[in-house]
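A.B. asks: Sequence:
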Amino acid sequence: MLEAFIEFLDQLYWTGYGVEFEEENPKAFYQQLDKFKKQHIQKR
4 MLEAFIEFLD QLYWTGYGVE FEEENPKAFY QQLDKFKKQH IQKR
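Each position in the sequence shown, counted from 1, maps to that position plus 3 in this note's numbering.
Check the hints yourself; a few may be wrong.
List time: in silico DMTMM-like cross-link candidates among lysine to aspartate or glutamate, alpha-carbon distance up to 25 Å [as the list claims (entries may be wrong)]:
no. : residue 1 : residue 2
1   : 41        : 10
2   : 41        : 6
3   : 38        : 27
4   : 40        : 6
5   : 38        : 26
6   : 30        : 6
7   : 40        : 27
8   : 41        : 25
9   : 30        : 13
10  : 38        : 25
11  : 30        : 10
12  : 38        : 23
13  : 40        : 25
14  : 40        : 26
15  : 40        : 13
16  : 41        : 27
17  : 38        : 10
18  : 38        : 6
19  : 40        : 10
20  : 41        : 13
21  : 41        : 26
22  : 41        : 23
23  : 38        : 13
Label pairs and their calculated CB-CB ranges [unchecked claim]:
no. : residue 1 : residue 2 : range
24  : 19        : 45        : 25 to 31 Å
25  : 4         : 28        : 26 to 32 Å
26  : 10        : 34        : 25 to 31 Å
27  : 39        : 19        : 17 to 23 Å
28  : 42        : 16        : 15 to 21 Å
29  : 16        : 40        : 15 to 21 Å
30  : 40        : 20        : 14 to 20 Å
31  : 45        : 23        : 23 to 29 Å
32  : 17        : 39        : 16 to 22 Å
33  : 10        : 31        : 25 to 31 Å
34  : 45        : 5         : 14 to 20 Å
35  : 45        : 17        : 23 to 29 Å
Hint data in this document are derived by calculation from the structure and do not stem from the laboratory.
Glycine included, C-beta positions come from ideal geometry on N, C-alpha and C.
Working from the sequences, and respecting the hints, build out all of it.
C.D. replies: See below:
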């Protein structure tokens, strides 16, 4: 799921954004990852 989230961010912004976001602001990154997981699970 982590890789899917990073790919999603890279498609929204620019290649490498997901990893950069994780490194620069890990707290916000993991909060957004949690929301992404919950939305993805609800769609199933």
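A.B. asks: Each hint needs a verdict: does it hold in this structure or not?
C.D. replies: Cross-check of the supplied hints:
For the hint linking residue 41 to residue 10, the alpha-carbon distance of about 17 Å falls within 25 Å, and the restraint holds. A threshold of 25 Å between alpha carbons decides the hint, and for residue 41 with residue 6 the separation of about 15 Å falls inside it, so the pair holds. Taken as a hint, the residue 38 and residue 27 pair is honoured in the structure, with Cα atoms around 19 Å apart against an allowance of 25 Å. The suggested pairing of residue 40 with residue 6 holds, with an alpha-carbon distance near 12 Å, which does not exceed 25 Å.
Under the criterion of a C-alpha separation no larger than 25 Å, the hint pairing residue 38 with residue 26 is consistent with the structure, at around 18 Å. As the CA atoms of residue 30 and residue 6 are separated by approximately 17 Å, the hinted pair is consistent with the 25 Å bound. For the given pair, residue 40 sits about 21 Å from residue 27 by alpha-carbon distance, which is consistent with the 25 Å threshold. Note on residue 41 and residue 25: the hinted pairing holds, with a Cα-Cα distance of about 19 Å set against a maximum of 25 Å.
Taking the CA atoms of residue 30 and residue 13, the gap is about 18 Å. The hint holds against a cut of 25 Å. Proposed proximity of residue 38 and residue 25 is supported: the alpha carbons are some 15 Å apart, at most 25 Å. Using a Cα cut-off of 25 Å, the hinted pair residue 30 and residue 10 holds, with the two alpha carbons roughly 19 Å apart. Proximity of residue 38 to residue 23 is assessed by CA-CA distance (about 19 Å); at most 25 Å being required, the pair is judged to hold.
With a CA separation close to 16 Å, the supplied pair residue 40 and residue 25 stays within the 25 Å bound. For the proposed pair residue 40 and residue 26, the alpha carbon gap of about 19 Å is at most 25 Å, so the pair holds. Taking the CA atoms of residue 40 and residue 13, the gap is about 17 Å. The hint holds against a cut of 25 Å. For the hint pairing residue 41 with residue 27, the CA-to-CA distance comes to about 23 Å; that is within 25 Å, so the pair holds.
Under the criterion of a C-alpha separation no larger than 25 Å, the hint pairing residue 38 with residue 10 is consistent with the structure, at around 15 Å. Proposed proximity of residue 38 and residue 6 is supported: the alpha carbons are some 15 Å apart, at most 25 Å. Under the criterion of a C-alpha separation no larger than 25 Å, the hint pairing residue 40 with residue 10 is consistent with the structure, at around 14 Å. Between residue 41 and residue 13 the alpha-carbon distance is near 19 Å, which keeps this suggested pair within the 25 Å criterion.
Restraint check for residue 41 and residue 26: satisfied, since their Cα atoms lie roughly 22 Å apart, inside the 25 Å limit. Among the hinted pairs, residue 41 with residue 23 is consistent with the structure: their alpha-carbon atoms are about 22 Å apart, no more than 25 Å. For a cut-off of 25 Å, the pair hint linking residue 38 to residue 13 stands: about 17 Å separates their Cα positions. Against the hinted window of 25 to 31 Å, the Cβ-Cβ separation of residue 19 and residue 45 comes to about 29 Å, which satisfies the hint.
Distance hint check for residue 4 and residue 28: the Cβ-Cβ separation is about 19 Å, which falls outside the suggested range of 26 to 32 Å. Distance hint check for residue 10 and residue 34: the Cβ-Cβ separation is about 18 Å, which falls outside the suggested range of 25 to 31 Å. Range check, residue 39 to residue 19: about 18 Å between beta-carbon atoms, so the 17 to 23 Å window is met. At about 18 Å, the CB distance of residue 42 to residue 16 agrees with the hint of 15 to 21 Å.
Hint check: residue 16 to residue 40, Cβ distance near 19 Å, so the stated range 15 to 21 Å holds. At roughly 19 Å, the beta carbons of residue 40 and residue 20 sit within the given window of 14 to 20 Å. Distance hint check for residue 45 and residue 23: the Cβ-Cβ separation is about 28 Å, which falls inside the suggested range of 23 to 29 Å. Range check, residue 17 to residue 39: about 18 Å between beta-carbon atoms, so the 16 to 22 Å window is met.
The hinted window of 25 to 31 Å between residue 10 and residue 31 is violated, with their beta carbons roughly 18 Å apart. The hinted range of 14 to 20 Å is satisfied by residue 45 and residue 5, whose Cβ atoms lie roughly 18 Å apart. A beta carbon spacing of about 28 Å between residue 45 and residue 17 agrees with the range 23 to 29 Å that was offered as a hint.
In summary, the structure is inconsistent with hints 25, 26, 33 from the numbered list given earlier, while agreeing with the others.
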